[in-house]
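S.K.: In case you want the letters, here they are:
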Amino acid sequence: MSHQGTPGIPGELDLVLRAREGDRDAYAELVRRHSPRLFALCLSMLRGRESAEDAAQEAFVKAWKSLRSFRGGSAFSTWLHRIAVNACQDFLRRNSRIRQESITEDASVDERRLREGEGAPGDCAAKIESADLAEKILARLSPQHRLILVLREVQGFNYDEIAEILDCSLDAVKGRLKRARQSLDENMRHFSSRGGV
Amino acid sequence: MNHDEFKAALDEFHDGEMDSSSRDEFESHRRFCRDCREALEARQRTAECLLLSASSAHQGFDPERFSRLVMSRIAGEEDGARVPPWRTVLSWRWWLIPAASLAAAAIALWLSWGPADRGSLAADILTQQRGGIMMMDWLDEPTASSIGDLESSALAVR
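These protein sequence lines map, in sequence, to chains L and F.
Numbering-wise (the working numbering), the first sequence opens with residue 1 and increments by one.
Numbering-wise (the working numbering), the second sequence opens with residue 1 and increments by one.
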């Protein structure tokens, strides 16, 4: 993360300090920089693009309101992700019934599509050739498993940062990550065996 | 470390969370252990699958448009929070407290009057009515009858 910034392009720390003083232009720049990652995180948990965008917006609005409480102890990105995770969890609590229905519906369609897919026998990952199908396999995981996998594998956060975002211990991060990977492997094997491999 | 310990530490190796000496140990074990090698390759494929999924998720997402939406929401909330003084005056809440106080004061005043006061009030009303009847007697016949008609029609309407 660039704190100093290159000539002509303000650094993140500079933008955060200006935004804390109420500079909306500085905050708009921070939103532009961080929104793709935050949107991806929300999408991994909520799956629907519209819901993900709503939750990401909610997170940025909350972050603006509590910007004065950001002391810089952690990276701004880590702090933002923590707010986004809470926004997604609130959203899931409000819409638990809708979520369950959507997961069940998607799973049956995806199984059929995966069985129709091509790939080398025995190699499940090779079978998942399209990003769409990869995304659909992830849909079979619980939101918590998807979240931790995305934080680690896609966003590239280390264990300490994940512990801070999820507000849990380092051991809990390791345990959750292991279970999430096991669950993902099981789902891949499940599709693979259903495909007649 | 034995094979089981290496296998248990596979995630930490894959995630780059292993210290350098354990990492070197794991690297040399991996060269000779097909099981660990395959498990690690599976981890890498899983990571690719996740990255593939994430890359498709970004398609169609416009940070510029999103930023505008967020900033207009922030502006809307902050401007909405600043209520102009004239809106405060017109708000029903602003009128409710004095109106309720006035009503309470009126009730208290009414209750503070003793039963004798209330009786004298009733007597005053009766006197006024009687005065009206006496006045009717004093008036000439047609005027009194027209007033009487007016009173009876008012009663009929009621």
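Derived from the structure by calculation, the hints contain no laboratory data.
Be a bit skeptical, because a hint or two may be false.
Unchecked claim - Label-pair distances were calculated between CB atoms; the ranges are:
1. Glu78/F - Leu17/L: 31 to 41 angstroms
2. Glu5/F - His190/L: 24 to 34 angstroms
3. Pro98/F - Leu13/L: 50 to 60 angstroms
4. Gln89/L - Leu111/F: 54 to 64 angstroms
5. Arg49/L - Glu78/F: 20 to 30 angstroms
6. Glu5/F - Asn95/L: 36 to 46 angstroms
7. Arg31/F - Arg93/L: 45 to 55 angstroms
8. Asp25/L - Ser101/F: 26 to 36 angstroms
9. Lys7/F - His190/L: 19 to 29 angstroms
10. Leu13/L - Arg34/F: 15 to 25 angstroms
11. Lys7/F - Arg71/L: 15 to 25 angstroms
12. Asn158/L - Ser56/F: 55 to 65 angstroms
13. Glu48/F - Asn158/L: 11 to 21 angstroms
Unchecked claim - When the alpha-carbon atoms are kept at most 20 angstroms apart in a straight line, the in silico EDC-like pairs for lysine to aspartate or glutamate are as follows:
14. Lys7/F - Asp185/L
15. Lys178/L - Asp79/F
16. Lys7/F - Glu41/F
17. Lys174/L - Glu5/F
18. Lys178/L - Asp11/F
19. Lys174/L - Glu186/L
20. Lys65/L - Asp54/L
21. Lys178/L - Asp35/F
22. Lys65/L - Asp4/F
Small disclaimer: the values here were computed from a predicted structure and weren't measured.
From the three backbone atoms N, C-alpha and C, an ideal C-beta is built for every residue, glycine too.
S.K.: Give a verdict on every hint.
M.R.: How the hints compare with the structure:
no.: 1; hint: Glu78/F - Leu17/L: 31 to 41 angstroms; in the structure: violated (20 angstroms)
no.: 2; hint: Glu5/F - His190/L: 24 to 34 angstroms; in the structure: holds (29 angstroms)
no.: 3; hint: Pro98/F - Leu13/L: 50 to 60 angstroms; in the structure: holds (52 angstroms)
no.: 4; hint: Gln89/L - Leu111/F: 54 to 64 angstroms; in the structure: holds (56 angstroms)
no.: 5; hint: Arg49/L - Glu78/F: 20 to 30 angstroms; in the structure: holds (27 angstroms)
no.: 6; hint: Glu5/F - Asn95/L: 36 to 46 angstroms; in the structure: holds (43 angstroms)
no.: 7; hint: Arg31/F - Arg93/L: 45 to 55 angstroms; in the structure: holds (49 angstroms)
no.: 8; hint: Asp25/L - Ser101/F: 26 to 36 angstroms; in the structure: violated (48 angstroms)
no.: 9; hint: Lys7/F - His190/L: 19 to 29 angstroms; in the structure: holds (22 angstroms)
no.: 10; hint: Leu13/L - Arg34/F: 15 to 25 angstroms; in the structure: violated (48 angstroms)
no.: 11; hint: Lys7/F - Arg71/L: 15 to 25 angstroms; in the structure: violated (41 angstroms)
no.: 12; hint: Asn158/L - Ser56/F: 55 to 65 angstroms; in the structure: violated (25 angstroms)
no.: 13; hint: Glu48/F - Asn158/L: 11 to 21 angstroms; in the structure: holds (20 angstroms)
no.: 14; hint: Lys7/F - Asp185/L; in the structure: holds (15 angstroms)
no.: 15; hint: Lys178/L - Asp79/F; in the structure: violated (47 angstroms)
no.: 16; hint: Lys7/F - Glu41/F; in the structure: holds (13 angstroms)
no.: 17; hint: Lys174/L - Glu5/F; in the structure: holds (15 angstroms)
no.: 18; hint: Lys178/L - Asp11/F; in the structure: holds (7 angstroms)
no.: 19; hint: Lys174/L - Glu186/L; in the structure: holds (18 angstroms)
no.: 20; hint: Lys65/L - Asp54/L; in the structure: holds (17 angstroms)
no.: 21; hint: Lys178/L - Asp35/F; in the structure: holds (18 angstroms)
no.: 22; hint: Lys65/L - Asp4/F; in the structure: violated (49 angstroms)
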